[in-house]
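Colleague: Below, each chain spelled out in residue letters.
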Amino acid sequence: MAAWVKGGATDADAAVEAAATLLASAQNAVLAGLCAELSAVRAAYHLADAIGASVDPVAGPSLYAELGPLSRTGAMTTTPAEAVGRADAVLIVGNVPWDRPIVQDIAGAQATRGRAAGSERVILSLGGPRNGATRHVAYPAEAGGLAVSIAHLRAFLKGNLGGEAAYADLARRLSTAQYGVVLYDPAETGELGVEMLQGMIKDLNEVTRFFGLPLSDPFQGRALLQLAAWTTGQAPRVGFGRHVPEHDPWRFDSARQIAAGEADAALWLASLPAPRPDWLGTLPSVAIVGVGSPEAGGDVADVVFAVGVPGETAGGSLWDERRAAITYAPASGPTAELSAAGILTAIQDRIQQRLGQKKGAAC
Amino acid sequence: MLIRIHGGRVVDPTAGRDAVGEVWIENGRVVAVSDRAPDRTIDATGCVVMAGGVEVHSHIAGGNVVMSRLLLPELYASEAAPEGHPFAHAGGSAAWIGANYARMGYTLAVEPAMPPANALATQLELADIPLLDRGALTVMGNDDHLLQLLRAREGKAAVRDLVALSVATSRGLGVKCINAGGASAFKDGMLKLSLDDEIPVYGLSTRKIMGALLDAVEEIGVPHPLHVHCNNLGIPGADESFVDTLEAAEGRRIHFAHAQFYGYGVADPENPLTGGFRSAAERITEAMEAHPNATYDVGQVAFGQTVTISLDILRQFAGRKGANPKKWILTAGDAEGGGVVPFLYKPRGPVSSLQWAIGLELMLLSKEPERTILTTDHPNGGPFTDYPRIIHFLMDKEERDREIAGLHKVIAERSGLCAIEREYSFSEIAQLTRSGPAKLLGLADRGHLREGARADVAVYRDDPDRTAMFARAKLVLKDGETIVEDGEVVAWRSGRTLELAVESDKAMVARSETYLQDRFGTGLKSFAVPDEAFPKPDVFAEVACRT
Chain R
1 MAAWVKGGAT
11 DADAAVEAAA
21 TLLASAQNAV
31 LAGLCAELSA
41 VRAAYHLADA
51 IGASVDPVAG
61 PSLYAELGPL
71 SRTGAMTTTP
81 AEAVGRADAV
91 LIVGNVPWDR
101 PIVQDIAGAQ
111 ATRGRAAGSE
121 RVILSLGGPR
131 NGATRHVAYP
141 AEAGGLAVSI
151 AHLRAFLKGN
161 LGGEAAYADL
171 ARRLSTAQYG
181 VVLYDPAETG
191 ELGVEMLQGM
201 IKDLNEVTRF
211 FGLPLSDPFQ
221 GRALLQLAAW
231 TTGQAPRVGF
241 GRHVPEHDPW
251 RFDSARQIAA
261 GEADAALWLA
271 SLPAPRPDWL
281 GTLPSVAIVG
291 VGSPEAGGDV
301 ADVVFAVGVP
311 GETAGGSLWD
321 ERRAAITYAP
331 ASGPTAELSA
341 AGILTAIQDR
351 IQQRLGQKKG
361 AAC
Chain S
1 MLIRIHGGRV
11 VDPTAGRDAV
21 GEVWIENGRV
31 VAVSDRAPDR
41 TIDATGCVVM
51 AGGVEVHSHI
61 AGGNVVMSRL
71 LLPELYASEA
81 APEGHPFAHA
91 GGSAAWIGAN
101 YARMGYTLAV
111 EPAMPPANAL
121 ATQLELADIP
131 LLDRGALTVM
141 GNDDHLLQLL
151 RAREGKAAVR
161 DLVALSVATS
171 RGLGVKCINA
181 GGASAFKDGM
191 LKLSLDDEIP
201 VYGLSTRKIM
211 GALLDAVEEI
221 GVPHPLHVHC
231 NNLGIPGADE
241 SFVDTLEAAE
251 GRRIHFAHAQ
261 FYGYGVADPE
271 NPLTGGFRSA
281 AERITEAMEA
291 HPNATYDVGQ
301 VAFGQTVTIS
311 LDILRQFAGR
321 KGANPKKWIL
331 TAGDAEGGGV
341 VPFLYKPRGP
351 VSSLQWAIGL
361 ELMLLSKEPE
371 RTILTTDHPN
381 GGPFTDYPRI
391 IHFLMDKEER
401 DREIAGLHKV
411 IAERSGLCAI
421 EREYSFSEIA
431 QLTRSGPAKL
441 LGLADRGHLR
451 EGARADVAVY
461 RDDPDRTAMF
471 ARAKLVLKDG
481 ETIVEDGEVV
491 AWRSGRTLEL
501 AVESDKAMVA
511 RSETYLQDRF
521 GTGLKSFAVP
531 DEAFPKPDVF
541 AEVACRT
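Chains as they are written, first to last, in my numbering: chain R, 1 to 363; chain S, 1 to 547.
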C-alpha cells in the first residue's frame, strides 16, 4: 500500500485529493524536511510558491551554521578528493568528523598530487575524542568550547599570543604545511566557530595553502542548497506568503513556526531517512516518506504517501559526500509505484485546478 | 502556422539586408516570402527586426554562480509576481535570467565555465532557465588527468580522446581553458603565472597545455574554437599575455574571453607594477587584425555593484584584496574550483572609468564586429541587463560623450575613446550580438533571418533612446512562438540545452574509469548527466561536429 488518508489505506488519487484539500485550506503551511532527491525538492519549492507556504529543510541547522559566516566573510574550502590527494597536514576539529569515513580515507593515504606528494601526512586533532585507532597529535579544546579554542589558535598564528603553549606548537605545524586542510562539522563547530575558523584559514593563506573541508550534513542539504539558490536566488529557508521568495532563517524555521502556532498545516518530505519531527501529526499534516521507512504507514499524518527511495526504488539526483557533488543514483531494483516529485506535482496541479475553477466562477 | 512579419526594417548583415521588408515563418523556421495567406500577420511598422540575440559568455549556472548568490544575496532585488512564472521575479534566479534575456530579445545563452566534476548540477540549473536555448563549455586545463597525460608526453590522440570524453560525459557544447595550469600552480604556492612559466610538479606551461587543447578541439571538430581565458587577467601588462597567447595559437582557431580585462598596457614601464595601466585597445585591435584565426568577446564594464565569478582561482585569490564588500570565497576544487569576489565599479573612480572606456574602445576600433562579441562577462564586468545601455553608447556618440563627462578624466588621458567618432549601425549591432556569436558557436541556423534559420526573432521599436529600445523588445519569437510582447513575457516555455554530438573512444573510457576509481573511489557514471536526472524529457539537442 502506498497511500493513506486518516489512517486508512487508499489509492494515490484519493490521497492527492485529500492532501490538496488540506493544504489549500491552510493560511500558512510549512513544507519541511526536504530530505529527498532533487526533482522532489524542486517540486516542493514550486508547490510552496503556489500555495504561499514556507520551506525549511531538516538540514537547516547544519547549513545555517555555515551560511551565516559565508555571507558575512566568505570561505576557503577544498574537496574530499583534493584533501586526500594533496594534504600533508589535516586538522580535525571536534568529535563529529571522527565518525565519518573521510577520516579513514585521509588517514589511509599519503599525498600523491602537488608539492606535498610523498611527504608524511600529519593528522592533528583539536578538541577531538582522542581516538586511538588513527594516529594523530591531539590538542584538547579549551574550557570555552571549540569556537574559543579556534580563536586562541588563530591568535597564536597571528602572533597575538605567544609562548610555549600547546596551541603555539599546533600553530607552527599548521603554518609549515604545504597543503593543509581543516576538517570540521559546521553544526558542531557552530556559527562563531566556523567564522573564526575561516578567518584562520584565510590568515594561513598569506603564507601557505590551507583550506576548510566542512562535512556534509546527512540530509541532502548541500544538494538542496544549490537548487534553492538557483530557484529562488536565496538560501533554503524562504517563505512565499507574498508571492516572492523571502529569505528569513529565523522566521521560516518550521519548528519555531509550529511551536508558536503560526503554521496551520505542514507537509513533511523525506523520501530518504530523516528524523521524524516531534510536531508531525500535531497539526493537519501530509507526509511523503520512503517506501519501507518507519513512517510509511497511516498513523504519522493525516495523509501519507510512501514513495520511491532514491538509489533504491527510484532514481534521483543526490548529494555524493565523497565526490562533494550532485550525482545521479539510479534505482537499484524495481521502482516504487509512486515518486515524491510526481505526488508533489499532482497536489499542486489539483490545487491550481481548484483555483482556476474559482476564478472561472468569479468571472 | 504561417507567420508574416511586415513593415519593419529588417536587419540581417549576413544577407546584406537593412531595409523595410518581410520575414516569413513556418513551423519554427524562416521561410521564403510566400504568396499563401498567412495565419498570422505581425505589423512591425516603425520597428527593427533582427534575429534573436546570442550570448556566448555569461555566468548563468554552476557551483560558483550558486556561491555568489549565497555570498551576496542582496545583489538582486526580488519583486512580487502574483502571475506568470513563479520565480521569474526572484532576483538572480534561473527563471529571472531567462526572463531578462528574453525581454532584451536574446534567445540563446551559453555558460562558459562548466567543470566536468560538477556537470550534473550545472546542467540541472541550466535546464531550469526558461525561454532560452542554453549551452555550456566544458572546462579543461587544470585537471590532473590531462596534466598527467601531457607530462608523460602522450600523443595528441590521447589528449583528443580525453577531451572528447570529457565533453561527451558533461554534455558540453565546446571546450574552454581558464588560465591553463594556473589553478594547479596556485595550489602549489604560485601567485603569478605567465605563458611559459613552469607549472610545479608537472613541468608544463600554459603554452603547452593550451596548445594541446587547441589541437584536440580541431581534431574532434568542435564547432566553437577553444575558448581561452589567458594568464594575468586584469593586471597592468595583461595585454602582453593576450598578444603572446594570440601568437601561441599559431594560426589555430581561438576565442578569447573578456578581452577588455586584458586591454591594460603598462602606464609606466619603469614601474610596471605600481604605475597603473593605460588602454591597450589599439594594440589588441592591431593584433586581432593580424590574426584572422581569432575572435574575442569584450567583457564590458558597467558601473555599480557586482560580484566576480571565475574558475581562475590564482587570479581571484589576488583579487581578494579589492573585494568590496570585504568578503570572498575561494574553492580549491578537483581541478579549478572557483573564486567569488564582490566588486564595485565606481563611476567616478579612475580604474573603473578606464576599464569602462577600454571595453567601448575595443568595440569601436574593431573593423569586424562579428569577431568582437558583446558581453559583460556577466556578472564580472556587470550584469547582462546592461547590454541595452552599452549598445546605446556604441550607437550614439553624444550619449557616449554625456557619460564620459561624468566620469574620471583618466579616460581622456589614458585611452583613445574620446577621439573616436564612430557610431555603430544596426547592422553592426546585429553582427556584435547575433551573427558574430552564432558563427562563433558554429550554429548555422541562428543569428540570421535567411531561409532555413531557426525562427528566433526580435522586434524592437526604433527609438532614438537605444537603451529603451533594446531593453524591452516589442516582440520576441522563439522557434516561431511569441514569448515576449511589449517587453513582458507572455508565454513560458522551455528551450533546449545544446550539446555537442561527440563519440568517446572506448580505450579512453577504460583508462578514465581506472583513473577516476583510483582518485574518487567512483567511476565515470558518477560524472554523468543522464536524461533521467531531469524533471522533463527532451532537455538536450545535439549539435554536430565539424566535418
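Hints are computed from structural coordinates only; laboratory data are not their basis. Take the hints with a grain of salt, since some may be wrong.
Stated by the list, open to error - Some chain R residues flagged as far from chain S (calculated, every beta-carbon gap over 10 Å):
hint, residue
1, 140
2, 169
3, 188
4, 273
5, 278
6, 284
7, 333
Said to hold, decoys possible - The list that follows gives simulated cross-link-like pairs (lysine-lysine, PhoX-like), each with its CA atoms no further than 25 Å apart:
hint, chain 1, residue 1, chain 2, residue 2
8, R, 202, S, 326
9, S, 321, R, 158
10, S, 525, S, 536
11, R, 202, S, 409
12, S, 192, R, 202
13, R, 158, S, 327
Note that the Cβ used here is the ideal one computed from N, Cα and C, for glycine as well.
Colleague: Now tell me if each hint is right for this structure.
Modeller: Evaluated hints:
Once the 10 Å rule is applied to beta carbons, residue 140 of chain R is consistent with being away from chain S; the minimum gap is 29 Å. Non-interface call for residue 169 of chain R relative to chain S: holds, since the shortest CB-CB distance, roughly 23 Å, exceeds 10 Å. Under the 10 Å C-beta cut-off, the non-interface status given to residue 188 of chain R relative to chain S holds; the minimum distance is some 21 Å. At roughly 21 Å, the least C-beta separation between residue 273 of chain R and chain S is larger than 10 Å, which holds for a residue marked as non-interface.
No beta-carbon of chain S comes within 10 Å of the beta-carbon of residue 278 of chain R; the shortest separation is about 29 Å. Every CB of chain S lies more than 10 Å from the CB of residue 284 of chain R, the least distance being 24 Å, so the non-interface label holds. The claim that residue 333 of chain R is not at the interface with chain S holds, since no C-beta of that chain comes within 10 Å of its own (minimum 16 Å). Straight-line distance between C-alpha atoms of residue 202 of chain R and residue 326 of chain S comes to about 13 Å, which keeps the hinted pair within the 25 Å bound.
A hinted pair counts as satisfied when its Cα atoms are at most 25 Å apart, and residue 321 of chain S with residue 158 of chain R qualifies at roughly 18 Å. Using a Cα cut-off of 25 Å, the hinted pair residue 525 of chain S and residue 536 of chain S holds, with the two alpha carbons roughly 21 Å apart. The straight-line distance between the Cα atoms of residue 202 of chain R and residue 409 of chain S is roughly 37 Å, outside the 25 Å bound, and the hint therefore fails. For the given pair, residue 192 of chain S sits about 18 Å from residue 202 of chain R by alpha-carbon distance, which is consistent with the 25 Å threshold.
For the hint linking residue 158 of chain R to residue 327 of chain S, the alpha-carbon distance of about 19 Å falls within 25 Å, and the restraint holds.
Violated hint for the displayed structure: number 11, the only one.
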